[in-house]
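> Sequence:
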Amino acid sequence: MEREIYSLKVHSTRMEYDSFQLELTPQENEEANDYYGMNFNVTMWCRGAQCAKLWGKLYDENLVYRSAMDILNVADPMGRGEVALAEAFNDCPELCSKTAEWMDKQGFSGYIQGVFVEPEYRRRGIASYLLTHLDQILAHTLHIAIRAVGVSPMPFADLDGEIVEDADALARNRQMLEKCGYHEILDQSLQGMMYGNYDEEETSGTGYFVRVYSA
0 MEREIYSLKV HSTRMEYDSF QLELTPQENE EANDYYGMNF NVTMWCRGAQ CAKLWGKLYD
60 ENLVYRSAMD ILNVADPMGR GEVALAEAFN DCPELCSKTA EWMDKQGFSG YIQGVFVEPE
120 YRRRGIASYL LTHLDQILAH TLHIAIRAVG VSPMPFADLD GEIVEDADAL ARNRQMLEKC
180 GYHEILDQSL QGMMYGNYDE EETSGTGYFV RVYSA
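Counting in numbering that gives the first Met the number 0, the final residue of the sequence shown is number 214, and the numbers go up one at a time with none missing.
Please keep in mind that the hints were generated in silico from the structure rather than gathered at the bench. Ideal Cβ placement from N, Cα and C applies to all residues, glycine included. It is possible that part of the hints are untrue.
Derived pair list, reagent style DSSO-like, types lysine-lysine, alpha-carbon separation capped at 27 Å [what the hints assert, rightly or not]:
(1) 8 x 178
(2) 8 x 52
(3) 178 x 97
(4) 178 x 52
Estimated spans, in silico, between C-beta atoms of each pair [to be verified]:
(5) 122 x 65: 41 to 51 Å
(6) 5 x 65: 38 to 48 Å
(7) 9 x 177: 20 to 30 Å
(8) 173 x 30: 29 to 39 Å
(9) 21 x 171: 46 to 56 Å
(10) 24 x 127: 36 to 46 Å
(11) 24 x 167: 48 to 58 Å
(12) 182 x 68: 23 to 33 Å
(13) 22 x 127: 42 to 52 Å
(14) 7 x 144: 10 to 20 Å
(15) 27 x 119: 41 to 51 Å
(16) 144 x 122: 25 to 35 Å
Take these sequences, add in the hints, and give me the full structure.
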């Protein structure tokens with residue numbers, strides 16, 4: 000069997016501008032378009048055909064917190080899925096507490112909004128590869144360091160926007176995330192206590208997962 004040759008492409012909103020003003024410097028134009036962070040897309044191709052995609056939103060943590068904001072404040076309020084993930088992610092202990100190695104370093108944190116592999120390219124380890132090496136991929140292409148990334152294991156839409164209906168996908172996705180170094184976010188917020196997700200003896204999961212990277 001002939002060995003497949005893959006190519007990887009990375010794109011972010013910091014690589015293009017919806018509006019560009021000549022009276023502003025490049026840095027000022029960047030801030031005017033997406034002040035706190037960036038949307039990003041990682042696509043994998045095989046012989047000219049797109050076979051997988053991972054996409055999400057990342058925020059410059061230092062900039063967000065210096066502005067007396069948090070991840071939920073700067074999330075897109077029009078994206079219901081994004082707001083739900085930002086809400087769970089915003090209060091997770093992994094995001095709220097920085098280890099000493101991250102204290103004086105610029106780090107980006109955010110969430111993966113979707114991962115999809117075309118059916119004919121599944122069971123080759125593509126999704127696991129993208130999830131496991133996301134920090135290295137973005138470090139080499141966008142020159143940023145990722146500190147913490149959240150993700151939902153729920154089945155998502157395909158590349159054309161069609162909803163994927165698969166009763167077994169949730170269990171498979173959870174197993175894959177755990178294999179790739181993610182763990183479930185625990186709900187220790189006041190809202191979690193109100194809904195019975197947390198008490199003095201037991202902490203329950205939110206259904207969302209997070210991975211924290213080394214500096």
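> Does each hint fit the structure? Answer for all of them.
Here is how each hint holds up against the structure:
1. 8 x 178: Distance ~24 Å between residue 8 and residue 178 Cα, so the pair holds.
2. 8 x 52: 10 Å, holds
3. 178 x 97: Holds: residue 178 and residue 97 sit about 24 Å apart, inside 27 Å.
4. 178 x 52: This hinted pair holds, its Cα atoms lying about 19 Å apart.
5. 122 x 65: 41 to 51 Å: Since residue 122 and residue 65 have Cβ atoms about 45 Å apart, the given range 41 to 51 Å holds.
6. 5 x 65: 38 to 48 Å: Holds, at about 39 Å.
7. 9 x 177: 20 to 30 Å: About 25 Å separates the Cβ atoms of residue 9 and residue 177, which means 20 to 30 Å holds.
8. 173 x 30: 29 to 39 Å: 38 Å, holds
9. 21 x 171: 46 to 56 Å: For residue 171 against residue 21, whose Cβ atoms are near 50 Å apart, the range 46 to 56 Å holds.
10. 24 x 127: 36 to 46 Å: Roughly 41 Å apart at Cβ, these two residues keep to the hinted range, so it holds.
11. 24 x 167: 48 to 58 Å: For residue 167 against residue 24, whose Cβ atoms are near 51 Å apart, the range 48 to 58 Å holds.
12. 182 x 68: 23 to 33 Å: 26 Å, holds
13. 22 x 127: 42 to 52 Å: Given about 47 Å between the Cβ atoms, the range holds.
14. 7 x 144: 10 to 20 Å: Given a distance of about 19 Å, which is inside 10 to 20 Å, the answer is holds.
15. 27 x 119: 41 to 51 Å: Once the Cβ atoms are compared, 45 Å apart, the range 41 to 51 Å for residue 119 and residue 27 holds.
16. 144 x 122: 25 to 35 Å: 32 Å Cβ-Cβ, so the 25 to 35 Å window holds.
Comparing the model with each earlier hint shows no violations; every hint is respected.
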